[in-house]
Amino acid sequence: MAQDGKRERDRPWIMRTYSGHSTAAASNELYRTNLAKGQTGLSVAFDLPTQTGYDADDPLARGEVGKVGVPISHIGDMRALFDGIPLDQMNTSMTINATAVWLLSLYIATAEDQGVDPRVLRGTTQNDIIKEYLSRGTHIFPPAASMRLITDLITYTVDEVPKWNPINICSYHLQEAGATPTQELAYALVTAIGVLDAVKATGRIPEAEFGKVVGRISFFVNAGIRFVEELCKMRAFVELWDRVTQERYGVTDPKQRRFRYGVQVNSLGLTEQQPENNVIRIVLEMLAVTLSKDARARAIQLPAWNEALGLPRPWDQQWSLRTQQILAYETDLLEYDDLFTGSEVVKAHTQDLVESAWAEVQEVLKRGGAVEAVESGYIKQRLVESNAARLRAIEAGEQIVVGVNKFVESEPSPLTENLDEAILTVDPKVDADQRAALARWKETRDNDAVDKALAELQRVAKSDENMMVPSIAAAHAGVTTGEWANLLREVWGEYRAPTGVSGASVKTAATGANAETVARLRDRIHALEASMGRRPKMLVGKPGLDGHSNGAEQIAIKARDVGFDVVYEGIRVSPEQIVASALEEGVHLIGLSILSGSHLALVPEVMKRLRAAGLGDVPVVAGGIIPEADAERLRQEGVAAVYTPKDFELDNIMSDLIDLVDRQHAAE
Amino acid sequence: MPLSDIAEDAQQVMSANKAAVSRALNLVEDRRAESHARVAELLAALKDAPKAAGGHRVGLTGPPGVGKSTLTSVLARGLRLRDRTVGVVAVDPSSMRSGGSLLGDRARMSFDPTDNGLFVRSLATAGEVGGLAYAANSSVRVLGAAYDTVIIETTGVGQSEIDIVHVADTVVLVIQPGSGDVLQFLKAGIMEIPDILVVNKADQDELARRAVADLRGALRTAHAVGAGGAQDGAWETPIVATSATKGSGIDELIAQLDAHRKHVETALLARRRRGEVQWTLDLFIRKHGEHGVSTLGGRRLLKARAERELDGGETPLSLCEQLSREYVAALGQTA
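Line by line, the protein sequences give chains A and B. Residue numbers for the first sequence follow our numbering, beginning at 1 and rising by one. Residue numbers for the second sequence follow our numbering, beginning at 1001 and rising by one.
If we strip away everything but chain B, and leave its shape as in the complex, we get (with noise of 0.2 Å):
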């Protein structure tokens, strides 16, 4: 589209026309060069959004096969119940071989197809970064200026666990009774503490006791290493039981959203800024290295520019690629 139907476009985007909010996902996973100035055009025309500043986002994550999916499906229902509209980044792996992927969420998922309140988009990982997909962050913010909650559901492998807490206000880690490997990680610092943890496939009672009980004694071994984290000090992160297939636990998961998003209200802003300065920086960095870092002046300057580039309607990815652009040419320039 061009530049002139862009406005046009984020106030349709704004009213959550399905189609609009569509073409604007499209735009954002354009990688060609000459969609560069349209893509930030748009992200600039849909930064204040009304919904965006009151909106959460909500980054499910956890290892495959724990019902991420069917929970997406069940805690969507529940919010649109609630009167909530819902947009949704359901994101797949791509393969390694041939760049294409399966994106298979939709099947595992049942929605009202005339509901003009819930809207989901999946996206391939794509790329070479691994974790997130390309588009994700774009995409929440396109979805974040349409709906009310956004919730991004990540592959739950790699990088993606990390590069989650740079687009969520609240990250919520899903596992299911028996996950060893979870704990270990959670107990050695490993992994970083979510915000809300889920115990999914609660169905068997005594099962379910017992690994929210073994959640409860990792949480504390980890505070005591002093595991880092998505969220800070004041918030204690809660514990919840859910079966996605009963669909039970969900309003207690509802509520635990609520009162985190609660928790983050005077922060929001900020911690979304934070999010997507180091996810610049984190692209960049595993892309060259520290080496790339201090070619460009190092951290902290690199860190000051990437605030005030964002400021001016830059997005992580255009910006990455420009760093990225510059250190080539710096390393011409040495060589």
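Just chain A, with the same shape it has in the complex (with noise of 0.2 Å):
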């Protein structure tokens, strides 16, 4: 067919970048470099700051301004986003939740600005709280609260803005967070099936039109690199879909019934080790999200080869984009219809999938649904229990990974010679700089505009009107993102998830050399108990606005099961809250996550509190992406140790935080 050249290329993906950082005028630069190089939407990651309702102004944002994204205070900032960038045009993604009604507004009023009606905005606002209070941890608000914000934003946008994408389902961050194929499969579905249910409940969309917002919801998902498995997981997806829209929800339009979904390749199973690899996962786990014609991704971004080593650079991300272009457009790809109609083994292990995924799904409906299933704490629990199952396998060598726990001899890689150099460094003066920008904003703006557009945000947020009518209101008169997530905070308070550890169980092997392992960790905390007097006792802090909380959960559950106890707090904590525990505990040892990227701000202000408050004996150690440069820095600072990705046995860190303890015991 391709040959005789009659039948047309089906049309590529939308390739866009996951990307922003420092300051909307260095995004917006990025952005038009990007698509000048072929890429054909934007996705915008912003800051935590903007992600959790803060401004940089705020003592909680610190060190995290423009890190992880770009810092979005005000229309002033989306303007200068956006400068030059005609919105008509574009499809922009946006990787934002708790605070999505508040950036699309601003997204709506900076294209009225533009001229652009926002009838004709196409793209997509992230707006699945659900799996932040799962797995990427920027939730603000009560599970109430934040099902009202995702339901006024469907709601306001299926006629408003109607080629917009108003909610992304993740299932990617549940893969993260360490869930199954099948449990992927499940949680993204009844998280789905909470939301329509919500959506139907506010009897805003006449029935005969209900099919107008299920044809609206979209998908985020991971490929991994099992890509047999996830190829045939996309597959599951699209039937399990199409049964719950026709069955549940009576569509009967199958356009209205499709998934439509859009990828971003797993960074998690990327590696620090011998980096160059990652290259090949990456070009593997896009595979499975492109063969099947029949469940292919709608839009992709890859991350860059050097992610598990920190933020990439402009050049790290082309490499990417260049991978998606040759895909699609050197080779033949998009001449075949679907090539796995037909195959039995496809079709019987995507039955597989389907079938325990539906049984899962049931599950959870009997258990109330999604919202239910969070705030008891089962779906955390199910996915914390995976992912501590995955990483023992990783551990335990019966699950290999090229270069990390097999094959790890090496050549010196040219690529990483000069390893300071091979990621991005944000510029720490950002941070000043954008507070200043911002009190000038806050100067020359009309402050009674302001006032009286608050003030009405407090009336609707007490009422059941759509917030997302002031809220656009509120873009125009120049109100602050911190000041829209501070208003509702005081209306409807703040939320502090399960975390899922405390009633996870781990199955650990019995025999062997990984169950000989642990019982001699045991017993040296038996010996350690007996000699102190007291259990040694671990507090594990994740300071900052960073809310990937896997690693430090999996260091909580390894941490117990050695046996220690373990005080473990929960994502978003001050420094100043990390002193006060560790002093109210008593603790003999203190643990830091941070995977923002903020480690050089937060964790040194860690430390000068703990020897104020008098507490400079204990031992700290930190665990997150953190440069080899930056370690050092740390270290000189007095962290005890420090670990990043590379450090894939827990068994050996147990056994560096025990002698830590036991050190620090013998000097007293």
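These are computed hints drawn from the structure, not numbers from a lab. Take every hint as true, because none was put in to throw you off.
In silico EDC-like pairs for lysine to aspartate or glutamate, Cα to Cα no more than 20 Å straight-line:
hint	chain 1	residue 1	chain 2	residue 2
1	B	Lys-1018	A	Glu-576
2	B	Lys-1246	A	Glu-490
3	B	Lys-1018	A	Asp-617
Short derived list, chain A residues pointing at chain B, Cβ under 10 Å:
hint	residue
4	Ala-144
5	Ala-497
6	Thr-499
7	His-526
8	Ala-530
9	Met-532
10	Phe-564
11	Asp-565
12	Glu-569
13	Ile-571
14	Val-573
15	Glu-576
16	Ala-580
17	Glu-585
18	Ala-613
Quick caveat: nothing in here was measured; it's all calculated off a predicted structure. For glycine and all other residues, C-beta sits at the position ideal for the given N, C-alpha and C.
Combine the two chains into a complex, taking the hints into account.
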């Protein structure tokens, strides 16, 4: 068919790169460069203060401004971000959740300023707060308020911004949190069901038009290295979504039942060791979501080869974009119909996944649905257990990771010869600059208009009207991200989600080398307890706004399993809180986990406050994506040890921790 | 810390110096035989703390998942708003296999780290006797010397529900709407009647109303079958509906706590002493059974001895250990 040149090539998926850093102006420049290189859409990464509703001048934002994304405080920042980029021609994906209503309002207001009718805007707000409670940790409000914001955004856009994807149900972060393919399918589907049921319950959408809402639901999926299974997983998604939309919501139009999804290829499995191998991993993972025409992604963003080392540079991102372009434009993939129709193997595995996922969907629905199963901790606990099993398999060598637990010998890599230059560093001045710019903004805006807009926001928040309307007005009036979120915090309160670690049971081998190691560690803890009079007690803290808690959770569970008493505080605690907890709990050891790259600001801050509280003797270790040069600086500050993704052998870490407590005890 | 520093530290504890309170809590958790004298010295020094006599020890118990940590956090905030200082002992279970524990209560609490009037210590149940943590009783005494109100939040399973009666002036049982088992246990008289009943997660009005009505019925039945309880006859257990996430019902809960504290005022010290005596005996019986009791001279004699020696500065734990040694020695003689 391809040879006679008759069949038209399919249109390629939208190609994006998840990016944004430092300031709106710097990110704007990056976006323009990327578009010039043939990128066909934008994917905005916001910094953590913007994602969690703080302005740059909030104490909690310290060290986080411009780090993992761009800071957007008000409409002035949003205008600068899209300066010279006509929004009527752009397809913009925004990774934004708790503050999605606000950031979309800023986007719509900016479009209106550009003279663009919101009805033509195309793009996606992630807006899936359920998975924030489970994995990503940027939620702000309690579940009921979060569900209200989600449904407000959906019911507003379905008529007013009809080409917008109002929610991207994320199975991506579930896989990152440890979900098996079955769990990924099931928990994403129950989230979608929870959202659609909630939309239905608002009564804002006439029965006959409900299919329109269903047709706007899209998904955001992860593609891991077991690419045959991942391929089957995507086919199972298509089948299950068709079933849900037809049976539960009675949607008759097949177009509205279509499973539409975007992909960020797995960053979790990328390795710090021999990082050049990640390029091959990324390609294979991309195949899983492109090979099946019947279950092909509509938009793809690829990570960069060096993401386990730090922030990628423009050149690293370009390499990933070229990878997509080669598959879409050079190869003949887009010239064929579905390659797997008729494959018995693919069909059988897809059916297995469909059935096991459907059973787990029923289990969650039996427990009252997604929101209930989040609040009770059921889903989180299942994820924590799966992740512990995955890490144990890697540690035991049952799951091979090339260059990590097998084939580890390597020639010196020319790519990482100068490691500190192989990643991007954010200018520490960004923080202060953004604060100064914010102060100027607040001085020059019309504060009466701001007060009026905030009063209207408050009134609507207490009513059951749609929050989008006053939020767009507030965007035009010059209200800031922090003002918007703080006002709603006052009305709705804040929420600390279940950590899932307390009840997580982890099956450990009763015999074998691993069991012996664990038994030895337990004996050492026992001996320490006898000589100290108290069981060694450890505080696991996550300072800053970063909500990626998987690492901290796994360390906490492992430490419990070798016999530590472990105080785990959950995500988003300030250095002040960590020190207060260390003091009140009488701990022997503190572990800090930071993945947002703000370790150089936060860890020394904790150390300084510990010394001031008279706790300078308590050993501190840090873990996260910490480049070696930074690790050296932290050690100079007095940090006892620094762990990065290459330290996958938790038993070794535990042994170090016991050494630290032992040495400190001996010194006293 | 050496003995000479203990008096000084006790003073610091009484003025709610956080570092001193923390050190004192570390000390009472210390199980080494050589620390025993210092623990006794510290607790004796704290015995007549002005805060202790006027203070209030509140036990929060209830099945897992009813929102005890969140409720503790909201209750503590409510008390702080009334200018009362608060100490919290949050108890979590230890793993049977490793002996370690995950103390996760702080994760559900939000508090101001600069507040000197609030102190939270997590404790693992650790040890041979289930139920409350090894050092719970002593920890409550330390915190009681430093803060106006001490909240003891238990694991809500097994023996802790009974132990809490011996440690708290007021026992609060927390349940959520639809807790059928609790109703059945109460009705059958298997579960002791608490001083205050809280229906948490009462966000849905209809469900909460029904839960409160069901509880009233269960309490009536319980009284009819003559179920025992923490409270004395003149106190009628109130039922309070709260929503820890919305913060509703907290004012009423505090009002009921105050009312109960006032109700037990005259009998407070006797009640605390009774609790300690009872806990000492329970600990010993759980370890050595009725045979242990009869070997050491019978229940009445042991009780009298506990009353005497607890007055003399022993703690339930140290006394229980002493009795165990005597029992083991006696076994050795008869063998």
